[in-house]
Amino acid sequence: MKLQLKGVTKRFGTFTANDRIDLTVQPGEIHALLGENGAGKSTLMNTIYGLYSPEEGEILLDDKRVTFNGPGDAVEAGIGMVHQHFMLIPVFSVTESVMLGYEPTKTAGIIDFAEARRRVQEISARFGFDVDPDAMIEDLPVGAQQRVEIIKALSRDARVLILDEPTAVLTPQETDELIAIMRQLKESGTSIVFITHKLREVRAIADKITVIRRGKIVGEALPDSTETELASLMVGREVNLTTQKDPAEPGDVGFSVQDLTVVSRAGKVVLDNVSLDIARGEILCVAGVDGNGQTELAEAILGLREAVDGTITLDGTNLRRMSVKDRLNAGIGFVPEDRSTDGVIPAFSITENFVLDQYDQQPYSNGVAMKPSVMREAAVEQTSRFDVRLGTVDDPISTLSGGNQQKVVLAREMSRDIRFFLASQPTRGLDVGSIEFVHRTIIEERDKGTPCLIVSTELDEVSNLADRIAVMYRGVVVGIVPGDTDRDVLGLMMAGVPVEEAYAQAKDHHTILGGADEGAQA
Amino acid sequence: MSTEKKNNDPAEPGGALKEAESRLHYAVRELSQSSWVITLLSVVVALVVGALLILATNPQVQSTMGYFFAQPGDFFLTSFEVIRDAYSALFRGAVYDWQAATPERSIRPITETLVNAVPLILAGLGIAIGFRSGMLNIGGQGQIILGATCAAFIGYAYQLPLGAHLLLALVGGALGGAIWGGIAGVLKAKTGANEVIVTIMLNNIALYLLAWLLRQQWFVQTGSNQPISAPVEDSARLFGLLGGGFRLHAGILLAIAATVFVWWLLERSTLGFEFRAIGENPEAARTAGVNVPKATALVLIIGGGLCGLGGAAHLLGTEYRLGAGIAGTLGFDAITVALLGRSKPLGTFLAGVLFGGLRAGGVLMQAQTGTPIDIVLVLQSVIVLLIAAPPLVRAIFFLPNPDGKPRSTGRRRLRNQQAAEAAEQPTPTQEVSK
Amino acid sequence: MSDQHTPEQATEVETTAVQAQPLQEAESRLQPIKWKFPITYALLALLSLSAFTFLSPTGAVTQFRLATASDFVTLPAVNIPSFAGALVLSLLQLGLAALAIYCAARRIKLGVWLPMLFGLFFVLAFLIYAGAGRGAFIPVVTLLAGALMLSVPLIFGAMCGLVGERSGIINIAIEGQLLAGAFLAAVAASFFTSAYVGLLAAPFAGAAVGGLLVWFAVKYHVNQIIVGVVLNVLVIGLTSFLYSTVLTQNSEMWNARQQLPRLPIPGLSQIPIIGPVLFNQTILVYLMYVIVFALHILVFKSRWGLRMRAVGEHPKAADTVGINVARTRIFNTVLAGGIAGLGGAYFTVGQGLAFGQEMSAGQGFIALAAMILGRWNPKGALLAALLFGFSSSVGQVLSTIGTPVPSEMLLMLPYVITIFAVAGFVGRVRPPAAEGVPYIK
Ligand SMILES: Nc1ncnc2c1ncn2[C@@H]1O[C@H](COP(=O)(O)OP(=O)(O)O)[C@@H](O)[C@H]1O
Ligand SMILES: [Mg+2]
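Chains as they are written, first to last, in the UniProt record's numbering: chain G, 1 to 522; chain L, 1 to 434; chain S, 1 to 441.
Incorrect hints may appear among the rest.
The calculated lysine-lysine pairs, modelled on DSS-like cross-linking and capped at a C-alpha distance of 30 Å, are [what the hints assert, rightly or not]:
1. K34/S / K190/L
2. K294/L / K441/S
3. K268/G / K245/G
4. K198/G / K441/S
5. K316/S / K216/G
6. K441/S / K268/G
Don't read these hints as lab results, they were simulated from the structure.
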């Protein structure tokens, strides 16, 4: 089916998220929509999907104008969407999830479970998915959940399938499988809108690329454009895709964890005997697909999770039995994975967020009462040093953009005397400018001789920052490899393949993305 | 905003006039955002609702309805008189009684308002601390009961020197409330038990506990089978401030002190920073090193202590004897007080005075016009419901919404408006203000 | 940085990678043994042994009456020697406790029969002790019938809470809905001199309160707990105000007593013990059976139930498949209010009483408790409500035959049990994920 947008505009209050967007997706085309975080890609797709109603413009399907009063209408018209954050209910079974909204019923609205299950099985069989219709969603790995989402869309005969950042949660090898599915769908005439902010992917997959920046279409490209071309189109200026950094000058081991084991509340072993040594003046990146224990590692180091076994040593002191506060005071600087839930308190002022983890320390308080003027002065000074764009430091931090909020977090952590720096997904959801800033700041901290541990699921970031890379899979460190290790090797390790084998396999078999990489280098 | 956009349009005829007009809109919009205005308007709506209730149930008005079409004037006149009598009694009972025989009696109502306000303010502050820390303490009732119970027992079962006895009784009351709140706090901290459910259950447990205690002779110490305790000793009573015919007691000083203390706690102390942090975002607070379980428990311990103090002040200053109905509806009133005060210390104080006034006035209104005091509950709940939904208040008074969006966001209406704008018809703001 | 990929490291890495496989084993190894229940059983059994057995006067007899006058087959009264009876029952409890401890140590899961059997033995031992040597019969049928009657408003209330919360609206206003239902039932029944008219009217009162709740919650995103609490105050205020004015001014017209007649079901009502308890009831009770049964099926097996749960768990996901979240929540909350309103009718027309101020007396909160204890399942909520009704009924029966246990303690029991429940003592209580969260696009 052909999908066409003409002058679609979507505003949130006074903010224009999509500005007069024109877009045409031909039948059977894989059309990539490329744009930075916050460019407005998801908003546009949600508008097509009927979740938002556009302020202006029209949507045409096979040259007929359509208006949707809700996702129901869009689905009816043949549009399917796999959302960036899956729209699945953890306590539902696969069958229930797939049929929701389109339940086959018998008399009195009683659901025909047999029929519903049959539908799921039929589609899984058609595409070779291995999904148990009776499994609970919460028990499924992310990749399987994504397949459930695809089954959901296909079970409603989607002829335009929107995939919103589908690869964010996959290993390179799983991404390959997804690409295969997309090609299979394309063969059968389904149009696919594929959204991403990763340059390598679009070149490998798309038939056509549309670039969106700050809510506007800024250009179209074909898959044979170079990454640099695409990047400058996406960002609006020349960008350095890699951050400049001098080779590390590692000193003695400043921070180490040994045999760290963590058990989740549900009784699962989420971190199994993890051991890492980080030298002063070195960045160790932890790579891996989301949900393989990296979050738990960071939380265990800070003390947000209790470790059942092992040691956490900073400058010779074992931190394992200390409270979070004592660990922070011992010199851990921490940038959490999810800024808005763990890093800042949105309703608090910038000043209050600036002192968030030192509110009861000198000089901001005497232990009982706080000293508002001292806090404010420090906040003003440090936020300007970190180039935070703000009105006044008394405004709620929620008035700042994501990038500026992250800068406040960095200013907070780096303006105190830290002896180990730990950051989880430090650039998630940030624009390229902010990403560069954050990376530079981290490298500066390294060059001061601080041991740094960076957890990231973005291989680009890992390659940019790492002096060494530890890859995690199902709570275990699969191996530690040099910072410049080939992506195919990392990808295989992220799927649990041991180092040696990963090297061997990567030689024989390139992923589609790896191939695209080489094409770009050639 | 759309007003600004309009000003910038050079093609607009009669620009100056329009500008003046849009300034007016701007002022109206600013005003309609103010929480004071919303509160005031909510009180007005509540009074109107109350008036309608009074009219609907008044026999005189009903009888004029019988011949409404023959003499509608009678109906309106009677209605007017009934409402005027009721609300003037309410006012005279709460603020200043110009019909009273002596000047002393005239100013007595305002002191009665303050007497009623004491437990409301203290308990309201206790609830407000919870709200600010993200905890819905529905357990004011139970905490007040425990506070009053402990204070009463200390008050009549022991003989102590003058100052010490009162102090001990107050501390005992606060402790009783703190323990009751603390149960919910510690359970939430240790097991994550939902404080709403636990405090509701504790309210009912406190009720039966009190009922049981009042049947125990070792407890009531009266020698009779009545479920009511002995009166507290004079040495444990909150002393009167004005003497003579006034009931106003030192509890009001306690309430003022507590208000200042709670302000300092929330706005200036590190503990208050922790409270507010866990209220806004417990995850971030934990990451920042706050001991969340400890702070959680402390919130409910301190909040419960204040509620307990409220119960103690009520008993030691007004009631003197402990009975099964000691808490009345105080616990739930305290919640409405905290809500109306927007969980700010000063706001809670003022809200306590307002609701205290409604109670005091309600008594006179019931006595003089036969309007049951239960209407105060209706007024209170309508006020609180409305202040929680400012858009509703603005809609009732045709005020613009602060975000400049039309009041109704229904799709059809939106479409109509777009069409209207296209045809240079009035903009939403203008339409709203007509 | 030197190359880390040295052979030693690789082998070490491989061994760790191999460890990734037997995760399952490691998990069960690290699962803590759950001692909580076995220890509770043991303590209760010891209590039963020490208090119920050894405090029973020696030589005393406890008499149970199993029949009512109207029974088809009249069962004889049962006399049980108090000491011996309580001893046997206590020993049985100890045996079950020992079994529980053994199974816990072996990580063997036991079925739901164990707590049920244990509870039965414990309650029987308690009754034997409470009735020991008092010379009065313990009227079993009265006890059970009372339990059911006292459960009626609880069950209706719990079903109301369940339907609302399953669709994401927390309902603290059940108390107010019951009270409103009781009020309107009384007034309508009195005015039309027909209890059935009252029964028809009651749901509208509950639904109106539910409508207010969901209106403020969905349209204005007001905190649902707050709205619930305030609505309770509003309903108390309104009904008390109207009671003191209109209803007392002309109680003949507005507040005369009307009672729903009992409709014994032929045949079934003749069964000994359960017949008169379950099948000699008013239409209200039969309606309750129907509602509980229907919800039991519909919540999990129907389109309505599936969508309701989806909206309560993840409203955005529901929205993306074309389910109207606001409409679902509004419809279900109003419907639920109707159910609670029916329950309220029990207080007035159900019992043949006139309306009295605040006559729901906290039952709405016990209903809330029953819903939580029943983990948002119709069956569980039913059982919890029956348990609570039973404990009140025991309290009532014992206070007439005179008992060593203060009735206040028994009346407190539901609340105490609920606190234990939400404190995670009876397993993890998992409310609908999106309950209380307004859905804003
Ligand atoms: N519901 C909303 N209300 C207000 N602003 C929003 C909303 N959703 C998205 N935005 C804003 O719109 C912009 C585009 O967001 P989004 O479409 O999610 O970007 P992308 O998917 O390209 O990363 C962002 O600046 C975001 O903050
Ligand atoms: Mg997006």
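Consistency of the hints with the structure:
no.	hint	result
1	K34/S / K190/L	holds, 17 Å
2	K294/L / K441/S	violated, 36 Å
3	K268/G / K245/G	violated, 39 Å
4	K198/G / K441/S	holds, 27 Å
5	K316/S / K216/G	holds, 26 Å
6	K441/S / K268/G	violated, 35 Å
In summary, the structure is inconsistent with hints 2, 3 and 6 from the numbered list given earlier, while agreeing with the others.
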